[in-house]
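Could you put the whole structure together from the sequences, leaning on the hints where they help?
Protein chains in written order, with this note's numbering: chain A, 1 to 490; chain B, 1 to 102; chain C, 1 to 494.
I should point out that these hints are in silico values taken from the structure, not numbers from a laboratory.
Do not rely on the hints blindly, as some may be mistaken.
[Said to hold, decoys possible] Cβ-to-Cβ under 7 Å is the rule here; a few derived chain B residues that face chain C: (1) SER17; (2) TYR39; (3) GLY74.
The beta carbon of each residue, even a glycine, is placed where N, CA and C say it ideally should be.
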Amino acid sequence: MSDLNYKVIIGLEIHVQLATQSKLFCACPNRFGDEPNSNVCPVCMGSPGTLPVMNKKAYEFAVRTAMAMNCEIARYTKWDRKSYYYPDLPKNYQISQYDLPLSQNGNIEITVAGEQKKIRIRRIHLEEDAGKLLHEGNVGFSQVDLNRTGTPLMEIVTEPDLSTPEEARVFGTELRTLVRTLGVSEANMQQGQMRLEPNINLVITKDGKQYKTPIAEVKNLGSLRALERACAYEIQRQLADWEKTGVTMETGFKSTRGWDEQTGTTVLQREKEEAEDYRYFPDPDLVPVVVEKDWLDAIRKSLPELPIARRARFQTQFCFSEKDATTLVEDRATADLFEQALSLGAPVKVLCNHFISFWAMHANQRGVSIAELGVSAPRMASLAKLVGDNKINNTTAAALAEKLLTCPDDPADIAQRENLMQVSDASSLEKILDEILIANAKAVEDARTPGKKQQKAFGFILGQVMQKTRGQANPQVVNQLLQKKLAEKN
Amino acid sequence: MSNEISEAQVRHVAKLSRLKLTDEQINLYTRQLGAILEYIKKLNELDTTGVEPMAHVAPLRNVLRDDIAGTGMGIDKVLQNAPDSDPPFFKVPRVLEDSSGA
Amino acid sequence: MQITQLTAFDLLDQIKKRQLTARDAVEAFLKQIDKHEKTIGALITVLPEYARERADQIDQMLADGRDAGPLAGLPIIIKDNLCTQFAKTTCASKILIDYQPPYNAHVVEQLEKAGAIIIAKANLDEFAMGSSTENSGIKTTRNPWSTDCVPGGSSGGSAAAVAARMAPVSLGTDTGGSIRLPAAFCGISGLKPTYGRVSRYGLVAYGSSLDQIGPLGADARDIALVMNVISGHDARDTTSVPESISPKPDYLTKLDTPLKGLRIGIVKEYQSSDGIDPQIVAAIDQATKLYEQMGAQLVEVSLPHTQYAVACYYLVATAEASSNLARYDGVHFGYRTPNPEDYIDVYSSSRAEGFGDEVKRRIMLGTYALSAGYYDAYYLKALKVRMMIRQDFEKAFEQADIICAPVAPTTAFRVGEKTSDPLTMYLSDIFTISANLAGIPGISIPAGFSRDSLPIGLQLLGNYFDESTILQAAWQYQQHTDFHRQIPAGFIEQ
Ligand SMILES: [Mg+2]
Ligand SMILES: [Zn+2]
Numbered sequence: 001m002s003d004l005n006y007k008v009i010i011g012l013e014i015h016v017q018l019a020t021q022s023k024l025f026c027a028c029p030n031r032f033g034d035e036p037n038s039n040v041c042p043v044c045m046g047s048p049g050t051l052p053v054m055n056k057k058a059y060e061f062a063v064r065t066a067m068a069m070n071c072e073i074a075r076y077t078k079w080d081r082k083s084y085y086y087p088d089l090p091k092n093y094q095i096s097q098y099d100l101p102l103s104q105n106g107n108i109e110i111t112v113a114g115e116q117k118k119i120r121i122r123r124i125h126l127e128e129d130a131g132k133l134l135h136e137g138n139v140g141f142s143q144v145d146l147n148r149t150g151t152p153l154m155e156i157v158t159e160p161d162l163s164t165p166e167e168a169r170v171f172g173t174e175l176r177t178l179v180r181t182l183g184v185s186e187a188n189m190q191q192g193q194m195r196l197e198p199n200i201n202l203v204i205t206k207d208g209k210q211y212k213t214p215i216a217e218v219k220n221l222g223s224l225r226a227l228e229r230a231c232a233y234e235i236q237r238q239l240a241d242w243e244k245t246g247v248t249m250e251t252g253f254k255s256t257r258g259w260d261e262q263t264g265t266t267v268l269q270r271e272k273e274e275a276e277d278y279r280y281f282p283d284p285d286l287v288p289v290v291v292e293k294d295w296l297d298a299i300r301k302s303l304p305e306l307p308i309a310r311r312a313r314f315q316t317q318f319c320f321s322e323k324d325a326t327t328l329v330e331d332r333a334t335a336d337l338f339e340q341a342l343s344l345g346a347p348v349k350v351l352c353n354h355f356i357s358f359w360a361m362h363a364n365q366r367g368v369s370i371a372e373l374g375v376s377a378p379r380m381a382s383l384a385k386l387v388g389d390n391k392i393n394n395t396t397a398a399a400l401a402e403k404l405l406t407c408p409d410d411p412a413d414i415a416q417r418e419n420l421m422q423v424s425d426a427s428s429l430e431k432i433l434d435e436i437l438i439a440n441a442k443a444v445e446d447a448r449t450p451g452k453k454q455q456k457a458f459g460f461i462l463g464q465v466m467q468k469t470r471g472q473a474n475p476q477v478v479n480q481l482l483q484k485k486l487a488e489k490n
Numbered sequence: 001m002s003n004e005i006s007e008a009q010v011r012h013v014a015k016l017s018r019l020k021l022t023d024e025q026i027n028l029y030t031r032q033l034g035a036i037l038e039y040i041k042k043l044n045e046l047d048t049t050g051v052e053p054m055a056h057v058a059p060l061r062n063v064l065r066d067d068i069a070g071t072g073m074g075i076d077k078v079l080q081n082a083p084d085s086d087p088p089f090f091k092v093p094r095v096l097e098d099s100s101g102a
Numbered sequence: 001m002q003i004t005q006l007t008a009f010d011l012l013d014q015i016k017k018r019q020l021t022a023r024d025a026v027e028a029f030l031k032q033i034d035k036h037e038k039t040i041g042a043l044i045t046v047l048p049e050y051a052r053e054r055a056d057q058i059d060q061m062l063a064d065g066r067d068a069g070p071l072a073g074l075p076i077i078i079k080d081n082l083c084t085q086f087a088k089t090t091c092a093s094k095i096l097i098d099y100q101p102p103y104n105a106h107v108v109e110q111l112e113k114a115g116a117i118i119i120a121k122a123n124l125d126e127f128a129m130g131s132s133t134e135n136s137g138i139k140t141t142r143n144p145w146s147t148d149c150v151p152g153g154s155s156g157g158s159a160a161a162v163a164a165r166m167a168p169v170s171l172g173t174d175t176g177g178s179i180r181l182p183a184a185f186c187g188i189s190g191l192k193p194t195y196g197r198v199s200r201y202g203l204v205a206y207g208s209s210l211d212q213i214g215p216l217g218a219d220a221r222d223i224a225l226v227m228n229v230i231s232g233h234d235a236r237d238t239t240s241v242p243e244s245i246s247p248k249p250d251y252l253t254k255l256d257t258p259l260k261g262l263r264i265g266i267v268k269e270y271q272s273s274d275g276i277d278p279q280i281v282a283a284i285d286q287a288t289k290l291y292e293q294m295g296a297q298l299v300e301v302s303l304p305h306t307q308y309a310v311a312c313y314y315l316v317a318t319a320e321a322s323s324n325l326a327r328y329d330g331v332h333f334g335y336r337t338p339n340p341e342d343y344i345d346v347y348s349s350s351r352a353e354g355f356g357d358e359v360k361r362r363i364m365l366g367t368y369a370l371s372a373g374y375y376d377a378y379y380l381k382a383l384k385v386r387m388m389i390r391q392d393f394e395k396a397f398e399q400a401d402i403i404c405a406p407v408a409p410t411t412a413f414r415v416g417e418k419t420s421d422p423l424t425m426y427l428s429d430i431f432t433i434s435a436n437l438a439g440i441p442g443i444s445i446p447a448g449f450s451r452d453s454l455p456i457g458l459q460l461l462g463n464y465f466d467e468s469t470i471l472q473a474a475w476q477y478q479q480h481t482d483f484h485r486q487i488p489a490g491f492i493e494q
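What follows is the structure, encoded as structure tokens:
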């Protein structure tokens with residue numbers, strides 16, 4: 001085996017569908033899952049004579065994202081037409097941004113295995129999405145649905161700063177969290193609201209010489225897992241290909257590949273000798289956008305706390321572990337829910353505990369986020385307060401939590417109704433304790449006598465009280481009472 | 001005859017334009033486009049350094065609309081001029097599941 | 001006077017006074033169409049039922065004493081590249097031969113709201129690409145002054161129809177002279193408004209940064225009437241100019257103001273143009289002399305870069321066209337080749353079979369100008385030259401209020417005379433094109449006849465959004481001449 005090592009170079013191109021009400025250049029609803037071709041008007045189907053009018057919200061969403069990624073926002077930006085023929089693109093050109101994108105030169109930080117790394121963002125621009133082609137069955141035709149045609153897409157291009165498949169996945173996760181936090185996209189990957197395209201190649205060093213493998217672009221990855229797997233596969237493939245053929249960036253072509261989820265491999269789609277000729281030119285139907293300072297300031301002011309900052313705060317302020325803080329912040333609504341419950345007076349430690357234990361468990365079981373469980377912040381706060389006020393213990397809290405998923409009542413009411421409240425009332429507990437002390441003279445004796453058995457006997461008596469009260473006795477009160485009783489008889 | 005554009009270039013442009021041309025047409029267009037491009041060379045007489053390109057007539061900026069959704073025009077109308085359809089879809093000869101250029 | 005010989009202004013007056021019904025007007029013009037369409041070939045679609053129904057509605061409104069709008073009962077013909085939901089919109093192309101738009105153009109909405117009645121849709125050069133209407137994929141239109149001659153183009157159908165009195169007014173579109181040239185060839189008046197003055201929503205795009213809709217009619221007052229209805233801001237066209245920047249005037253108010261003190265620019269470079277018919281030069285001279293007598297002041301202006309306008313135009317317009325016409329691909333609407341080999345062939349064969357020669361030629365030129373490696377040398381260069389042409393006009397309008405120029409170097413030429421040489425044909429637009437590149441308004445009005453009795457046009461160019469002044473100058477000229485009152489023999493109803 002000769003001396004060979006290699007470096008992986010990955011850049012990402014990500015298309016994020018913006019969560020606007022209407023499409024980018026017309027008023028058709030921007031909605032997933034409707035009947036095919038029902039959200040189509042003369043403008044988005046490219047009917048002769050129609051003209052586009054830009055959606056202001058989409059522009060602001062893209063600027064929000066660019067700001068959150070520390071990008072420079074262009075003062076002047078314009079729209080260009082990108083020409084290519086495809087049946088899901090009725091005008092046969094896509095309105096996009098070419099040489100003057102709305103933002104450039106940003107970065108975001110990711111943490112992989114405890115290490116922080118800055119990933120540079122080359123540009124973020126807006127463009128319209130294409131429709132969908134369906135190829136049902138083995139028939140000789142394809143079906144075209146234009147519902148998605150003209151919906152707003154934000155294209156984010158990174159510099160090739162990612163160097164492992166894991167980094168690519170972490171970056172993707174970070175980005176998804178960010179756009180959700182910003183409220184600009186739901187980034188539901190199953191619905192194609194966030195699509196990833198890595199560009200991968202290797203720099204191989206062998207016997208002191210360097211070789212670069214041809215860049216492969218893997219199209220349209222629909223999950224973060226697929227992104228990681230596709231990158232991992234490409235590394236092995238390119239290494240093997242290079243060892244077999246010796247083809248490098250200089251001697252080979254850039255290729256476009258597709259991902260096959262079943263086999264876990266990438267498949268060659270086409271090799272390009274030269275760049276595609278898209279004949280970009282400024283769209284004469286759309287006037288430029290010039291952003292004034294006031295507008296930018298207003299957008300900047302409306303930015304929420306960003307995930308990185310929030311995550312840090314959740315760790316320091318609320319004592320979450322890094323992992324729990326990450327999970328919680330990933331979904332803005334869940335993190336918001338947490339803070340809302342907190343503001344309603346929930347004790348922080350108890351609430352943290354509820355979130356990472358049973359609330360997370362129920363969410364996982366149902367495949368939803370904690371925010372989507374349907375339990376409101378006031379009810380979560382109320383449950384945490386019951387524990388904090390020693391009215392119930394954590395075992396009861398877990399049982400109550402399960403009930404809250406199906407019953408709309410306040411947990412305090414349920415606890416009251418079902419008699420789950422902790423008994424802290426000394427006189428009623430004393431009565432129960434007395435009965436138990438009479439019935440267990442031997443244990444009482446042991447508990448009084450210093451020695452090996454004392455601790456165990458004490459615990460036994462406490463257990464008896466708990467049993468009798470079905471776990472609702474306040475352990476601290478019982479403890480005090482018992483010590484008092486044992487001392488009394490002495 | 002002018003050699004402003006070659007026959008091979010004309011063939012390439014026809015391909016980019018999605019126009020299936022006969023050899024005769026390629027030949028004719030090579031000559032005609034050549035003559036027009038020869039005439040257009042006239043522009044090179046002008047020094048345009050420092051001149052701002054004029055992409056729009058009116059100095060309009062920021063013509064944006066509010067994000068308010070209406071409704072589609074209805075599937076019947078969408079498909080009304082389709083050369084071939086499989087309602088609610090448009091129908092085309094099978095497209096390889098390649099990819100678009102987006 | 002016969003109904004078909006009335007100006008729009010007089011016709012509306014008679015309808016308003018209820019001396020005439022809208023239905024009478026519609027019937028008279030339908031009859032004229034019936035009689036002459038065969039020889040002239042100005043129209044692609046005639047809408048007798050639709051027009052009668054609309055006329056009856058308007059008559060009913062008038063009978064009920066309701067306001068039926070400023071153009072109530074006025075028959076009008078519109079170019080067939082303006083979308084109508086109630087009639088096919090073919091652009092004179094085989095590729096849209098059965099195309100039924102799902103919506104109405106902005107100008108169509110405005111006309112109908114104002115009570116005008118669209119009675120027919122006019123022939124044009126396919127997708128408005130041409131200067132003679134010989135490029136129509138449907139029919140060839142003849143010039144009513146001499147049926148051996150072309151009517152000019154691309155709004156040849158709209159111009160010939162008005163000249164043959166098939167309607168008092170029509171709408172055309174002008175990308176490089178397509179309203180003004182046929183107006184000149186057909187002896188009528190035609191206005192290309194400032195770019196942005198009339199919404200392009202529903203105008204099937206050819207060169208989007210140049211296209212503009214405008215009226216054709218017998219005289220400047222009829223044009224002003226129609227402009228009052230079709231112009232104004234439309235939120236669906238982002239290049240449409242908002243009221244805040246240029247409020248829409250009433251184009252009728254300034255018409256009768258005397259021209260005293262008006263500065264009329266004479267273009268230095270046009271004085272010595274080769275290849276311009278001396279009869280046209282003489283007619284323009286006569287016109288400027290008349291203007292002087294009317295109290296205007298002549299000043300010499302220079303447009304040094306207009307000699308580059310044709311070259312510049314054919315890059316800008318075709319580049320935009322190559323992209324605008326990409327949508328005609330046989331997938332979502334329009335013609336599809338009957339037996340495609342595969343989906344790529346749906347594109348290539350449908351387009352090859354659906355588009356005519358000139359359209360293909362321009363798509364090819366535009367695609368080439370935008371393609372990798374040529375963009376800077378061609379398209380970008382053209383955009384810079386375009387800026388220089390605009391700056392010429394800005395300077396000229398510091399010295400002059402309007403500019404006086406020929407419309408075309410010749411009068412109407414014979415059918416077939418220029419079809420084999422596209423470049424010669426392009427040069428017909430040499431005097432009109434720069435107004436489109438700069439975006440300024442221009443009007444063509446009748447200013448005499450050649451020895452062989454063909455009309456000669458006079459072009460008046462105005463500053464941005466100053467249509468009112470060129471309409472005023474045109475109307476004042478028409479108070480002292482009667483070229484615009486001439487109707488070709490054979491089209492006067494007995
Ligand atoms: Mg893109
Ligand atoms: Zn739409």
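task: Provide an ascending list of the numbers of those earlier hints which the structure does not satisfy.
output: 3
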